[in-house]
Amino acid sequence: MASLYIHDIDEPLAQTYLKASKEEQLKITRIVEEAITRCMQTPHSLAPFEGQILQKGSQTPFQPFKAVKMKGKGPSALEMVIQGRESV
1 MASLYIHDID
11 EPLAQTYLKA
21 SKEEQLKITR
31 IVEEAITRCM
41 QTPHSLAPFE
51 GQILQKGSQT
61 PFQPFKAVKM
71 KGKGPSALEM
81 VIQGRESV
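1 is the number of the first residue of the sequence shown in this note's numbering; add one for each residue after it.
There may be inaccurate statements among the hints.
[Claimed, not checked] Listed next, with one range per pair, are the computed distances between beta-carbon atoms:
hint	residue 1	residue 2	range
1	Lys19	Met40	16 to 22 Å
2	Glu11	Ala35	18 to 24 Å
3	Gln41	Glu11	19 to 25 Å
4	Glu34	Leu13	26 to 32 Å
5	Asp10	Ala35	15 to 21 Å
6	Glu11	Arg38	15 to 21 Å
Hints were generated in silico from the structure; no laboratory data involved. Using N, Cα and C, we set each Cβ at its ideal position, and we do this for glycine too.
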(Lines of atoms letter the chains of each structure in order from A and count residues from 1; the text may use other names and numbers.)
(Lines give C-alpha, C1' and ligand atoms only; values in the text may rest on other atoms or scores of the structure.)
Protein backbone atom coordinates (compact mmCIF):
# COMPACT_ATOMS: atom_id res chain seq x y z
CA MET A 1 0.00 0.00 0.00
CA ALA A 2 1.33 3.44 -0.91
CA SER A 3 1.94 6.12 1.68
CA LEU A 4 0.36 9.53 1.40
CA TYR A 5 2.02 12.61 2.86
CA ILE A 6 -0.09 15.74 3.14
CA HIS A 7 1.99 18.66 4.38
CA ASP A 8 -1.02 20.70 5.49
CA ILE A 9 -2.01 18.26 8.22
CA ASP A 10 -1.29 19.90 11.55
CA GLU A 11 -0.65 18.25 14.91
CA PRO A 12 -4.22 18.56 16.32
CA LEU A 13 -5.66 16.96 13.18
CA ALA A 14 -3.10 14.15 13.26
CA GLN A 15 -3.83 13.49 16.95
CA THR A 16 -7.57 13.36 16.27
CA TYR A 17 -6.98 10.76 13.55
CA LEU A 18 -4.65 8.69 15.72
CA LYS A 19 -7.12 8.70 18.64
CA ALA A 20 -10.03 7.63 16.40
CA SER A 21 -11.25 4.07 16.32
CA LYS A 22 -9.97 1.76 13.57
CA GLU A 23 -13.37 1.98 11.88
CA GLU A 24 -13.25 5.79 11.85
CA GLN A 25 -9.65 5.73 10.58
CA LEU A 26 -10.64 3.44 7.70
CA LYS A 27 -13.55 5.72 6.81
CA ILE A 28 -11.25 8.78 6.75
CA THR A 29 -8.68 6.86 4.69
CA ARG A 30 -11.33 5.88 2.11
CA ILE A 31 -12.55 9.47 1.83
CA VAL A 32 -9.01 10.77 1.25
CA GLU A 33 -8.21 8.02 -1.26
CA GLU A 34 -11.42 8.71 -3.21
CA ALA A 35 -10.66 12.44 -3.29
CA ILE A 36 -7.15 11.80 -4.60
CA THR A 37 -8.43 9.35 -7.21
CA ARG A 38 -11.01 11.87 -8.46
CA CYS A 39 -8.38 14.60 -8.56
CA MET A 40 -6.00 12.42 -10.57
CA GLN A 41 -8.75 11.48 -13.05
CA THR A 42 -9.84 15.09 -13.60
CA PRO A 43 -8.11 16.80 -16.53
CA HIS A 44 -6.21 19.81 -15.23
CA SER A 45 -6.24 22.37 -18.00
CA LEU A 46 -6.50 26.13 -18.07
CA ALA A 47 -7.90 26.09 -21.61
CA PRO A 48 -11.61 26.14 -20.70
CA PHE A 49 -11.05 28.87 -18.10
CA GLU A 50 -12.46 32.13 -19.43
CA GLY A 51 -11.68 34.43 -16.50
CA GLN A 52 -8.42 36.09 -15.60
CA ILE A 53 -5.83 34.37 -13.49
CA LEU A 54 -4.36 36.73 -10.90
CA GLN A 55 -0.76 36.66 -9.79
CA LYS A 56 -0.35 35.34 -6.26
CA GLY A 57 -0.77 38.09 -3.68
CA SER A 58 -1.81 40.81 -6.13
CA GLN A 59 -4.63 41.98 -8.36
CA THR A 60 -2.36 41.96 -11.43
CA PRO A 61 -3.54 39.53 -14.13
CA PHE A 62 -1.07 36.77 -14.88
CA GLN A 63 0.40 37.00 -18.36
CA PRO A 64 1.48 33.50 -19.35
CA PHE A 65 4.64 32.98 -21.35
CA LYS A 66 5.58 30.06 -23.48
CA ALA A 67 8.89 28.39 -24.11
CA VAL A 68 9.85 28.30 -27.75
CA LYS A 69 12.51 26.37 -29.65
CA MET A 70 15.26 24.98 -27.46
CA LYS A 71 18.82 24.35 -28.57
CA GLY A 72 20.30 20.86 -28.51
CA LYS A 73 19.16 17.73 -26.72
CA GLY A 74 18.15 17.97 -23.08
CA PRO A 75 18.37 21.75 -22.78
CA SER A 76 19.40 23.41 -19.56
CA ALA A 77 17.56 26.40 -18.15
CA LEU A 78 20.16 28.70 -19.72
CA GLU A 79 19.46 27.28 -23.19
CA MET A 80 15.75 27.97 -23.07
CA VAL A 81 14.51 30.88 -25.12
CA ILE A 82 11.47 32.55 -23.61
CA GLN A 83 9.08 34.39 -25.87
CA GLY A 84 7.86 37.75 -24.56
CA ARG A 85 4.63 37.83 -22.57
CA GLU A 86 3.05 40.50 -24.77
CA SER A 87 2.94 38.18 -27.79
CA VAL A 88 0.71 35.60 -26.11
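Hint check against the structure, violated hint numbers in rising order: Violated: hints 1, 3, 4 and 6.
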